[in-house]
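Colleague: Sequence:
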Amino acid sequence: MLKNPEEKYDVIPEIWEGHNLADFVDVEIQKKLADLLAEEELREKAGEYDPDLDSDDEETKEKLELARQIREKEKLLTLENQINKKKAGNHVSRLNVRKRERSMSRLEEQMEELGVQIDTKRMKNLQGQAQKPQLGKKIKVGRSPSLSASRPPPRDELGIPDKTKRLKAEKLRAKALQHLKREARKGEADRHVYDLKPKHLFSGKRKMGKTDRR
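Numbering (UniProt numbering), first residue to last: 1 to 214.
One or more of the hints may lead you astray.
To be verified - Okay, derived cross-link-like pairs now, PhoX-like style, lysine-lysine, Cα gap no bigger than 25 Å in a straight line:
1) K85 with K73
2) K197 with K207
3) K199 with K210
4) K75 with K63
Stated by the list, open to error - Computed spacing ranges between beta-carbons, pair by pair:
5) Q178 with I12: 26 to 34 Å
6) L201 with I160: 43 to 51 Å
7) K3 with L172: 28 to 36 Å
8) L196 with A174: 26 to 34 Å
These are calculated hints, taken from the structure and not from any lab test. For each residue, glycine too, the CB sits at the ideal point set by N, CA and C.
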């Protein structure tokens with residue numbers, strides 16, 4: 001609803017504040033609305049929005065609860081590993097690192113604590129994958145790897161880390177530099193003063209006649 005009811009009979013302009021209104025008009029909006037209403041009506045008839053209908057049965061609820069417990073267990077294990085790493089420090093060589101304590105048997109025990117029964121066939125497949133050697137490039141020993149300098153972020157992103165605010169600041173900056181474009185400046189540092197009356201064209205005079213330059 002418009003504040004002034006008389007404005008609804010005004011002629012719609014083609015361009016408004018630099019934007020073409022045709023770009024914001026969807027020709028098929030009525031058809032899409034009719035399709036949505038028909039789809040909504042079918043859902044209501046099917047009883048999808050019936051409050052008495054409970055879509056989650058007991059089996060689904062048990063699976064969701066089990067998944068929640070597994071996620072909590074993983075968070076606790078991650079936190080425990082982080083604490084152990086901080087205690088151990090970084091003085092252990094990577095070449096002599098022991099095998100991970102979390103073996104297949106430990107994984108099986110943790111799942112049994114949560115009430116999850118892992119298939120025996122699946123466990124054999126996981127053990128086979130764990131025993132396969134990882135093929136890759138040989139480790140070069142005796143030469144410390146050169147560290148590549150990390151590139152700092154651009155200076156325009158350091159002061160404004162928020163992407164939305166940075167885009168807004170960029171628009172304000174472009175708007176502030178419009179006068180430079182009108183004056184044909186190359187940039188903010190362009191301070192060139194053009195000679196509108198060059199001396200070779202406006203100096204000297206002739207003995208006769210009205211011409212005052214060569």
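Colleague: Run every hint past the structure and note whether it holds.
Modeller: Here is how each hint holds up against the structure:
For a cut-off of 25 Å, the pair hint linking K85 to K73 stands: about 18 Å separates their Cα positions. Restraint check for K197 and K207: satisfied, since their Cα atoms lie roughly 22 Å apart, inside the 25 Å limit. Restraint check: the Cα-Cα separation between K199 and K210 comes to about 18 Å, which is no more than 25 Å; the hinted pair holds. At most 25 Å may separate the alpha-carbon atoms for a hinted pair to count; K75 and K63 meet this at roughly 18 Å.
A beta carbon spacing of about 29 Å between Q178 and I12 agrees with the range 26 to 34 Å that was offered as a hint. Under the hint 43 to 51 Å, the C-beta atoms of L201 and I160, about 49 Å apart, fit the expected range. For K3 and L172, the Cβ-Cβ distance of about 30 Å falls inside the hinted range of 28 to 36 Å, so the restraint holds. At roughly 29 Å, the beta carbons of L196 and A174 sit within the given window of 26 to 34 Å.
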